[in-house]
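K.L.:
Chains A and B, in that order, give the protein sequences.
Residue 1 is where the first sequence starts when you use this note's numbering, and the numbers rise one by one after that.
Residue 1 is where the second sequence starts when you use this note's numbering, and the numbers rise one by one after that.
It is possible that some hints are incorrect.
In silico DSBU-like pairs for lysine-lysine, Cα to Cα no more than 30 Å straight-line [stated by the list, open to error]:
#1 Lys24/B to Lys107/A
#2 Lys17/A to Lys48/B
#3 Lys186/A to Lys48/B
#4 Lys142/A to Lys107/B
#5 Lys107/B to Lys277/A
#6 Lys66/B to Lys198/B
#7 Lys240/B to Lys277/A
#8 Lys198/B to Lys107/B
#9 Lys50/B to Lys196/B
#10 Lys284/A to Lys18/B
#11 Lys186/A to Lys146/B
#12 Lys107/A to Lys108/B
#13 Lys142/A to Lys108/B
#14 Lys146/B to Lys107/A
#15 Lys107/A to Lys107/B
#16 Lys24/B to Lys142/A
#17 Lys277/A to Lys257/B
#18 Lys16/A to Lys256/B
#19 Lys16/A to Lys146/B
#20 Lys277/A to Lys50/B
#21 Lys315/A to Lys107/B
#22 Lys24/B to Lys277/A
#23 Lys315/A to Lys240/B
#24 Lys17/A to Lys180/B
#25 Lys180/B to Lys284/A
#26 Lys16/A to Lys84/A
What the simulated footprint calls covered on chain A by chain B, stretch by stretch (three residues with Cβ under 8 Å from a Cβ of chain B suffice, anywhere in the stretch; the number is not a length) [said to hold, decoys possible]:
#27 91-104
#28 175-183
#29 287-294
#30 302-315
In case anyone wonders, no lab produced these hints; they're calculated from the structure.
Quantities reported herein were computed from a predicted structural model and do not represent experimental measurements.
Every residue, glycine too, gets a C-beta built ideally from N, C-alpha and C.
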Amino acid sequence: MSEILVLVEQLDGEVKKVTLELLTLARGLGTPAAVWAGPGLTDGAKAKLAEYGAEKIYVASSADVVDHVVAPKAELLAQLVADKSPAAVLVAATAEGKEVAGRLAVKTDSGVITDAVGLGEGFVADQSIFGGGVNVRSRVRKGTPIVAVRPNSTAPEPAAGAGAEEEVSLTLSEAARAARIVERVKQEKGARPELTEAAIVVSGGRGVGSAENFSVIEGLADALGAAVGASRAATDAGWYPHQFQVGQTGKTVSPQLYIAAGISGAIQHRAGMQTAKTIVAINKDPEAPIFELADYGVVGDLHQVVPQLTEEVAKRK
Amino acid sequence: MNIVVCVKQVPDTATERKLRSDDKTLDRDAVDGVVNELDEYAVEEALKLKEAHGGEVTVLSMGPGKATETIRKALAMGADKAVHLSDDALHGSDALSTSYAMAQALKKIGFDLVILGSESTDARTGVLAAMLAERLGTPQLTLANKVEVDGSSIAIQRLTDYGFDRVEATLPAVVSVVEKINEPRYPSFKGIMAAKKKPVETLGIADAEIAADQVGLDAAWSEVVDFAAAPPRAAGTIVKDEGDGGVKAAEFLASKKFI
Ligand SMILES: Cc1cc2nc3c(=O)[nH]c(=O)nc-3n(C[C@H](O)[C@H](O)[C@H](O)COP(=O)(O)OP(=O)(O)OC[C@H]3O[C@@H](n4cnc5c(N)ncnc54)[C@H](O)[C@@H]3O)c2cc1C
Ligand SMILES: Nc1ncnc2c1ncn2[C@@H]1O[C@H](COP(=O)(O)O)[C@@H](O)[C@H]1O
Numbered sequence: 001m002s003e004i005l006v007l008v009e010q011l012d013g014e015v016k017k018v019t020l021e022l023l024t025l026a027r028g029l030g031t032p033a034a035v036w037a038g039p040g041l042t043d044g045a046k047a048k049l050a051e052y053g054a055e056k057i058y059v060a061s062s063a064d065v066v067d068h069v070v071a072p073k074a075e076l077l078a079q080l081v082a083d084k085s086p087a088a089v090l091v092a093a094t095a096e097g098k099e100v101a102g103r104l105a106v107k108t109d110s111g112v113i114t115d116a117v118g119l120g121e122g123f124v125a126d127q128s129i130f131g132g133g134v135n136v137r138s139r140v141r142k143g144t145p146i147v148a149v150r151p152n153s154t155a156p157e158p159a160a161g162a163g164a165e166e167e168v169s170l171t172l173s174e175a176a177r178a179a180r181i182v183e184r185v186k187q188e189k190g191a192r193p194e195l196t197e198a199a200i201v202v203s204g205g206r207g208v209g210s211a212e213n214f215s216v217i218e219g220l221a222d223a224l225g226a227a228v229g230a231s232r233a234a235t236d237a238g239w240y241p242h243q244f245q246v247g248q249t250g251k252t253v254s255p256q257l258y259i260a261a262g263i264s265g266a267i268q269h270r271a272g273m274q275t276a277k278t279i280v281a282i283n284k285d286p287e288a289p290i291f292e293l294a295d296y297g298v299v300g301d302l303h304q305v306v307p308q309l310t311e312e313v314a315k316r317k
Numbered sequence: 001m002n003i004v005v006c007v008k009q010v011p012d013t014a015t016e017r018k019l020r021s022d023d024k025t026l027d028r029d030a031v032d033g034v035v036n037e038l039d040e041y042a043v044e045e046a047l048k049l050k051e052a053h054g055g056e057v058t059v060l061s062m063g064p065g066k067a068t069e070t071i072r073k074a075l076a077m078g079a080d081k082a083v084h085l086s087d088d089a090l091h092g093s094d095a096l097s098t099s100y101a102m103a104q105a106l107k108k109i110g111f112d113l114v115i116l117g118s119e120s121t122d123a124r125t126g127v128l129a130a131m132l133a134e135r136l137g138t139p140q141l142t143l144a145n146k147v148e149v150d151g152s153s154i155a156i157q158r159l160t161d162y163g164f165d166r167v168e169a170t171l172p173a174v175v176s177v178v179e180k181i182n183e184p185r186y187p188s189f190k191g192i193m194a195a196k197k198k199p200v201e202t203l204g205i206a207d208a209e210i211a212a213d214q215v216g217l218d219a220a221w222s223e224v225v226d227f228a229a230a231p232p233r234a235a236g237t238i239v240k241d242e243g244d245g246g247v248k249a250a251e252f253l254a255s256k257k258f259i
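Model the full assembly from the supplied sequences, consistent with the hints where possible.
P.N.:
If you want it as structure tokens, here you go:
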């Protein structure tokens with residue numbers, strides 16, 4: 001069976017859950033091969049990739065690969081496409097993953113599908129478009145299919161692979177080095193699960209009222225083992241850092257459960273959360289559009305309802 | 001500084017958007033077109049850079065005839081002139097063809113800086129800026145919430161999963177912006193009047209040296225196999241908090257096995 005390349009997403013050497021999901025998807029369609037871009041491949045990461053089925057792990061360990069914006073990763077994958085003739089390339093549908101996919105598509109003269117929520121035989125991808133109103137199945141017609149798959153599209157399942165490491169020697173072009181990353185500013189990660197990967201997300205909006213009051217949202221999130229999200233109104237007000245923004249220009253999340261507190265449900269917010277399986281809304285305005293999406297809604301003051309819910313969750317544990 | 005800002009006309013997200021049953025492309029005739037909202041932030045940033053550093057702002061839009069409404073809006077905000085890439089042969093172009101056609105037009109127009117929105121509300125691919133940078137061989141400065149230009153140097157703050165990166169490069173460059181970067185201005189009455197007289201050049205594919213076999217539905221690198229309206233969400237249960245709203249919500253979560 002042909003190889004399927006999976007670009008690994010990692011943070012500080014730890015493989016992200018979405019990569020395990022992509023390996024699981026790839027296994028059903030070919031032989032998964034992980035691609036590690038940059039330095040920092042640890043034994044732990046290698047073991048994880050093998051545990052989820054990576055037969056090979058291609059490694060380009062030069063720091064150059066991560067010190068320039070996006071282009072080096074596309075060059076690495078393009079070289080592997082040329083050398084290994086894989087059946088497809090899968091990346092995570094994060095903002096950056098999609099950019100890598102886009103550049104790779106141009107380089108390899110291949111079609112690209114972004115934001116797949118499923119992938120089947122013949123690399124036919126499922127997509128949910130127009131705010132969840134239309135389900136589409138699409139496929140690549142030319143070149144090597146490149147598919148950016150959303151986190152939480154499939155459940156990761158272990159199935160051991162050989163995990164054979166192979167160093168890739170890569171000579172980056174001048175163009176790939178054109179945009180230099182001169183500084184990385186990391187804002188508190190915290191102990192909570194990552195927003196795009198979490199099974200449960202609890203988000204707060206303007207109704208939360210202040211940065212301090214976000215502790216109410218965090219309290220419920222911690223009781224549920226959930227990630228915290230925020231609407232743009234909340235991130236713009238500086239109540240919560242921007243990388244927790246859910247929506248059109250923030251993160252797209254597809255958790256099992258999404259709880260929106262003090263969020264009206266503007267179209268731009270919905271764009272980032274309406275593929276959640278179950279939606280719960282807490283809002284004092286019975287007319288708030290978020291209730292149109294909600295499987296369960298409480299019309300009330302979140303400052304009363306959320307702490308009571310948190311207490312109740314803790315009790316039932 | 002010669003700035004080109006890419007502005008797309010998209011269907012109003014408030015209306016019901018549909019795919020055409022014949023060729024499975026977005027039915028653009030059936031809905032009102034509006035400026036892709038993120039592109040207003042791109043126009044604003046272009047105008048700010050022009051105000052600070054001098055130069056000219058050109059709007060580039062690829063789309064059918066009715067996209068002129070969108071072009072006029074960008075001109076009314078203050079852009080100097082526009083290029084409308086419009087040709088029946090472009091209908092049905094996917095991201096690869098669109099980026100190819102726009103790159104050809106950009107080569108013809110010439111630029112120091114190209115500014116795009118980070119995503120369109122209809123296609124939502126978010127790949128165009130990266131593809132343009134790849135095709136034009138210029139640095140990719142995308143997902144910017146801050147742009148600074150100093151002579152021929154440019155630096156941005158790029159939003160990332162963990163915070164942000166500071167990225168530096170040399171002009172010419174391709175930039176995409178997020179909505180945190182600025183507050184787009186409203187066109188003034190004077191601006192709207194002035195826009196009517198600003199030059200809009202229409203380019204067909206031959207004018208921009210775009211190969212016909214690289215664009216349009218037949219050339220597309222990807223295709224829609226089939227589509228269907230999503231089954232409507234079952235109406236949810238909405239309760240009013242009578243002092244026990246949190247308990248009731250917990251019961252719901254328990255019934256769904258979340259707790
Ligand atoms: C280009 C662009 C991109 C955008 N991208 C995003 C995006 O990525 N994500 C995003 O979220 N938005 C985005 N927006 C903004 C979006 O349009 C809305 O403005 C935003 O989502 C509103 O946030 P909100 O629901 O928190 O605030 P509001 O709309 O002000 O709603 C607050 C809600 O809280 C309720 N409330 C108030 N007090 C309480 C209380 N004590 N208890 C319970 N309920 C209470 C109110 O009834 C109201 O419904 C974007 C906009 C633009 C133009
Ligand atoms: N047809 C078009 N004409 C002009 N600009 C476009 C067009 N399509 C996309 N863009 C630009 O590319 C950005 C990203 O779009 P997309 O990759 O489709 O999500 C938009 O915000 C626009 O700035």
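K.L.:
With reference to the structure, classify each hint as holding or not holding.
P.N.:
A quick look at each hint next to the structure:
1. Note on Lys24/B and Lys107/A: the hinted pairing holds, with a Cα-Cα distance of about 27 Å set against a maximum of 30 Å.
2. At roughly 41 Å between alpha-carbon atoms, Lys17/A and Lys48/B are farther apart than 30 Å, so this suggested pair is violated.
3. Among the hinted pairs, Lys186/A with Lys48/B is consistent with the structure: their alpha-carbon atoms are about 28 Å apart, no more than 30 Å.
4. For a cut-off of 30 Å, the pair hint linking Lys142/A to Lys107/B stands: about 26 Å separates their Cα positions.
5. For the proposed pair Lys107/B and Lys277/A, the alpha carbon gap of about 46 Å is over 30 Å, so the pair is violated.
6. Proposed proximity of Lys66/B and Lys198/B is supported: the alpha carbons are some 17 Å apart, at most 30 Å.
7. With a C-alpha separation of about 23 Å, the suggested pair Lys240/B and Lys277/A falls inside the 30 Å cut-off, and the hint holds.
8. Distance restraint check for Lys198/B and Lys107/B: the Cα-Cα separation of roughly 22 Å lies within the 30 Å cut-off, and the hinted pair is therefore satisfied.
9. With a C-alpha separation of about 21 Å, the suggested pair Lys50/B and Lys196/B falls inside the 30 Å cut-off, and the hint holds.
10. A hinted pair counts as satisfied when its Cα atoms are at most 30 Å apart, and Lys284/A with Lys18/B does not qualify at roughly 33 Å.
11. Between Lys186/A and Lys146/B the alpha-carbon distance is near 17 Å, which keeps this suggested pair within the 30 Å criterion.
12. Using a Cα cut-off of 30 Å, the hinted pair Lys107/A and Lys108/B holds, with the two alpha carbons roughly 22 Å apart.
13. The straight-line distance between the Cα atoms of Lys142/A and Lys108/B is roughly 28 Å, inside the 30 Å bound, and the hint therefore holds.
14. In summary, the hint linking Lys146/B to Lys107/A is supported, as the alpha carbons are separated by about 29 Å, within the 30 Å threshold.
15. This hinted pair checks out: Lys107/A and Lys107/B have alpha carbons roughly 19 Å apart, not beyond 30 Å.
16. Simply put, Lys24/B and Lys142/A have alpha-carbon atoms about 18 Å apart, close enough for the 30 Å limit, and the pair holds.
17. Of the supplied pair hints, the one linking Lys277/A and Lys257/B holds, its CA atoms being roughly 13 Å apart against a limit of 30 Å.
18. A threshold of 30 Å between alpha carbons decides the hint, and for Lys16/A with Lys256/B the separation of about 27 Å falls inside it, so the pair holds.
19. Annotation: proposed proximity of Lys16/A to Lys146/B holds, straight-line Cα distance about 28 Å (limit 30 Å).
20. A C-alpha spacing of about 46 Å is found between Lys277/A and Lys50/B, which places the hinted pair above 30 Å, so the restraint is violated.
21. Between Lys315/A and Lys107/B the alpha-carbon distance is near 65 Å, which puts this suggested pair outside the 30 Å criterion.
22. With a C-alpha separation of about 27 Å, the suggested pair Lys24/B and Lys277/A falls inside the 30 Å cut-off, and the hint holds.
23. Restraint check for Lys315/A and Lys240/B: the C-alpha separation of about 23 Å stays at or below 30 Å, so the hint holds.
24. Taking the CA atoms of Lys17/A and Lys180/B, the gap is near 28 Å; set against the 30 Å cutoff, the hint holds.
25. For the proposed pair Lys180/B and Lys284/A, the alpha carbon gap of about 27 Å is at most 30 Å, so the pair holds.
26. Under the criterion of a C-alpha separation no larger than 30 Å, the hint pairing Lys16/A with Lys84/A is consistent with the structure, at around 25 Å.
27. For the region 91-104 of chain A, the stated coverage by chain B is satisfied: 9 residues place a CB nearer than 8 Å to a CB of that chain, which reaches the threshold of 3.
28. Counting residues of the region 175-183 of chain A whose beta-carbon sits less than 8 Å from any beta-carbon of chain B gives 7, enough to reach three: the coverage restraint holds.
29. With 3 residues carrying a beta carbon less than 8 Å from a beta carbon of chain B, the region 287-294 of chain A meets the three-residue requirement, and the given coverage holds.
30. For the region 302-315 of chain A, the stated coverage by chain B is satisfied: 10 residues place a CB nearer than 8 Å to a CB of that chain, which reaches the threshold of 3.
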